[in-house]
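Number of protein chains: 2
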Amino acid sequence: MKTINVGLLGCGTVGTGVAKLLIESNPVIAARLGATLNLKRVADLDIETDRGIQFAQGVLTTDAHAVVNDPDIEIIVEMIGGEGIAKELILKAIANGQQVITANKALLASQGNMLFKAAAEEGVDLAFEAAVGGCMPIIKSLRESLVANRIHSMTGILNGTCNYILTKITGERMPFDDALSEAQQKGYAEADPSLDVDGIDTAHKIAILTALAYGMNINLPDVYIEGISKITPLDVAFAEQFGYRIKLLAISKNKGNQVEARVHPTMIPFDNLLSNVNGTVNAIMVSGDAVGDIMLYGRGAGMMPTASAVISDAVDIARNLMAGTTRRIPALSVQREHIQNIKIMPMDEIVTHYYFRFAALDRPGVLSTISGILGRHDISIQSMQQKGRKTNGSVPVVMVSHLAKEADVQKALTEINRLDVVSEPTMLVRIEDEQLD
Amino acid sequence: MKTINVGLLGCGTVGTGVAKLLIESNPVIAARLGATLNLKRVADLDIETDRGIQFAQGVLTTDAHAVVNDPDIEIIVEMIGGEGIAKELILKAIANGQQVITANKALLASQGNMLFKAAAEEGVDLAFEAAVGGCMPIIKSLRESLVANRIHSMTGILNGTCNYILTKITGERMPFDDALSEAQQKGYAEADPSLDVDGIDTAHKIAILTALAYGMNINLPDVYIEGISKITPLDVAFAEQFGYRIKLLAISKNKGNQVEARVHPTMIPFDNLLSNVNGTVNAIMVSGDAVGDIMLYGRGAGMMPTASAVISDAVDIARNLMAGTTRRIPALSVQREHIQNIKIMPMDEIVTHYYFRFAALDRPGVLSTISGILGRHDISIQSMQQKGRKTNGSVPVVMVSHLAKEADVQKALTEINRLDVVSEPTMLVRIEDEQLD
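Chains G and R are the protein sequences, given in the same order.
Mapped onto the working numbering, the consecutive letters of the first sequence carry residue numbers 46 to 482.
Mapped onto the working numbering, the consecutive letters of the second sequence carry residue numbers 46 to 482.
Looking at chain G on its own, in the form it has when it is part of the complex (with noise of 0.2 Å):
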């Protein structure tokens, strides 16, 4: 049987569970490739760990230039992270002529576009199935499965994290900042928690997808990103009396010759099949013209589940090797000379439904006068509701708008905000509900 050479730089969690599969799960891959996945080498500055797995004699390594630089070894795996050495070892096993595997979500959102280039300047794969969605096999659904279809949008779960603490927040109606505490501990969050819960690392995620859905280079700076610390378990509880869930929803939309691209805490209805994923788990919608919609939902992130989708690439990129190939597949979907400049839409122009908490002091002709604001920027109301006790004298009003733009929403709620019978900022949360007018 046909050897294939493995290389992995770094062996943290994920590069473990790789190391793991390789091992433990050789013949169940080999049955399937026909063809054993070696992994010949690892390196990782920490080789005295016991990572729980038997390592052949010098396998294991310091130098992860001496795996890039190994001449046996055709497939590359990073899982180093971050956009230093990870970027640079990447770069110079695509220089060797190796195939690159990564799930360096963070690196392919900054500079993806430069490293797709070289790769196909070299004509050898660099593939990312395990950047976004974990095991969810999204990237290979945009590329191969929904390759007959005009995508029109995504809608996505894309952080554990987040979803997690979402889930807390709704269903023991927990302030965020005990939720973030507790996923903490479980080790769902990191000590800083800021590429989770303000929303950086869902972007990274989305920016990447839209470049797949719709044929165009990765655009992270123009991702909208507001992040989940402002949620409160009295907006969960506002939202579900309108019938809804809030989520951290990474939102994408084909408009023609521009797209959407933002990532913001959402209002979704019930019957949402979103709004029913919870924990740590992660799920994404898409909408194509053939298909209607379809959901995957799986285990966005953890040792194993991103393991699997990193030995997923290792197979297809070995089924090409074998038959003498690479590049069987464009990276961002569609072919290089196909790739279109298409503009993210600015955050202004977004037109949607809103949801605002006014802090409103509880004297007469408040309402109004917020009204008239609202009314003055075009934006109009279709319901309302006023109950709760006082807080600091002022009690919560909230309404759900119809259709507004965004830069109406925000001139007014700059306005209102400035109102001394306002006593704090109005809390805003976006709204995706079809069923609203």
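One should not assume that every hint holds.
Because identical chains share one entry, a pair is satisfied inside a single copy or across any pair of copies.
Stated by the list, open to error - Capping the alpha-carbon separation at 25 Å, the derived lysine-lysine pairs in DSS-like fashion look like this:
1) Lys388 with Lys47
2) Lys300 with Lys137
3) Lys300 with Lys275
4) Lys231 with Lys162
5) Lys388 with Lys450
6) Lys132 with Lys162
7) Lys275 with Lys231
8) Lys298 with Lys432
9) Lys231 with Lys456
10) Lys231 with Lys450
11) Lys388 with Lys65
12) Lys300 with Lys65
FYI, nobody ran anything at the bench for these hints, they're computed from the structure.
Predicted model only: the values in this text are computed from it and were never measured.
We have chain G already, so just place chain R on it with the hints.
Below, chain R alone, put in the same frame as chain G:
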């Protein structure tokens, strides 16, 4: 740009969808593939009907053999259905060295082993993504995305007609016959609905998936099949009281040296995502050792969703042809020499939880007689309800069992149904609930 010629056999609903995509979405496909898929010939007995497609001169023919014998056609798409002429033409195409795509699950379930062997011997591919789950990429996920996983189980809603009918029975407490009529009026059910409502179509699909998941041959005769025609609004209502919904599930489980493969109405808890999959939609949950649970969701039938899956096969094959290769991925997931002789467990040996509805005359001692018979057959009950009005002098008594063996259950019910105090055959619905002990 390179052109790859496609021949279409059968231009009914899905065939028309395939033709539409190949013509109207040709530029989208070409931008991704880097080649043109050209619909060179279309064979159908009816070449008069207007299908809303502008076929070029000479494309349409009534002679299917002319299509499979055309040496310029590299890919044959079989959309005729049935097990007669379709099989003959597929074998002819294989013998001619053409790559073949089919959505014909009935044919694959009954004769797939022979067809895959023929394709292997001729060195061509026989692709079938559209045969199971319509646009849900379940075949690709099992064969490619989950390649590093030992599959533990699959649980799926694989027939849109049944799911529509059960959704109606559940949501509107509509009797089966009325729900079926409505499905027929809406075009979701055939005039002869037995293939769908008797569970046969679902069995075809799970027979195929079971082979793919565990690396074995297709074994339709040993799949247990039970349809939905006995499900009543009363059972749906009782199910809800226990926290369950009733779905027609295809269940496939890896039991080491045997597998389970069965199709029957099943009660599942509200918090199981499948319980919220309503209408004509399909969904499948797959559990693997590395990924945990993943779920796919999408339209399982219909012209364009199914056609989209066919085109994904066509593009996969075209990419292989452009790379000068075929048979990149083995049809049944593992290399042919690794296909194992794994048996499907006889239904009698299944161990699961059961819901029983007894039509018991309202007399003293009846309950203890029934319980006694159950006890003697090692069936212990974990909850019981007796409510509702008397009909024909009997009251429905419902019970949920602890784990019990199917053979014991069948023996007990035979005995119970013979009792004078039981006025109609006992209703049985199996339960899938990991929370039960």
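Quick rundown of the hints versus the structure:
1. Proximity of Lys388 and Lys47 under a CA criterion of 25 Å is satisfied in neither setting, with 46 Å inside one chain copy and 31 Å between copies.
2. When the C-alpha separation of Lys300 and Lys137 is checked against a cutoff of 25 Å, the pair qualifies neither within a copy, at 38 Å, nor between copies, at 46 Å.
3. Taking the shortest Cα distances, Lys300 and Lys275 never come within 25 Å of each other, neither inside one copy (29 Å) nor across copies (48 Å).
4. In the homo-oligomer, the alpha carbons of Lys231 and Lys162 never lie at most 25 Å apart, since the shortest distance is 40 Å inside one protomer and 50 Å across protomers.
5. In this assembly of identical chains, Lys388 and Lys450 lie within 25 Å of each other by CA distance solely inside one copy; the values are 19 Å within and 61 Å between copies.
6. When the C-alpha separation of Lys132 and Lys162 is checked against a cutoff of 25 Å, the pair qualifies only within one copy, where the shortest distance is 13 Å, while the shortest distance between copies is 46 Å.
7. In this assembly of identical chains, the alpha carbons of Lys275 and Lys231 lie at most 25 Å apart only when taken from the same copy (22 Å versus 46 Å across copies).
8. In this assembly of identical chains, the alpha carbons of Lys298 and Lys432 never lie at most 25 Å apart, being 35 Å within a copy and 51 Å across copies at closest.
9. Neither within a single protomer nor between protomers do Lys231 and Lys456 lie at most 25 Å apart by alpha-carbon distance, with minima of 41 Å and 48 Å respectively.
10. Taking CA atoms no more than 25 Å apart as the test, Lys231 paired with Lys450 passes in neither setting, with 40 Å inside one copy and 39 Å between copies.
11. When the C-alpha separation of Lys388 and Lys65 is checked against a cutoff of 25 Å, the pair qualifies neither within a copy, at 42 Å, nor between copies, at 30 Å.
12. Within a single copy, Lys300 and Lys65 get their C-alpha atoms only as close as 44 Å, which misses the 25 Å cut-off; across copies the closest is 23 Å, which meets it.
Hint violations for this structure: numbers 1, 2, 3, 4, 8, 9, 10 and 11, all remaining hints satisfied.
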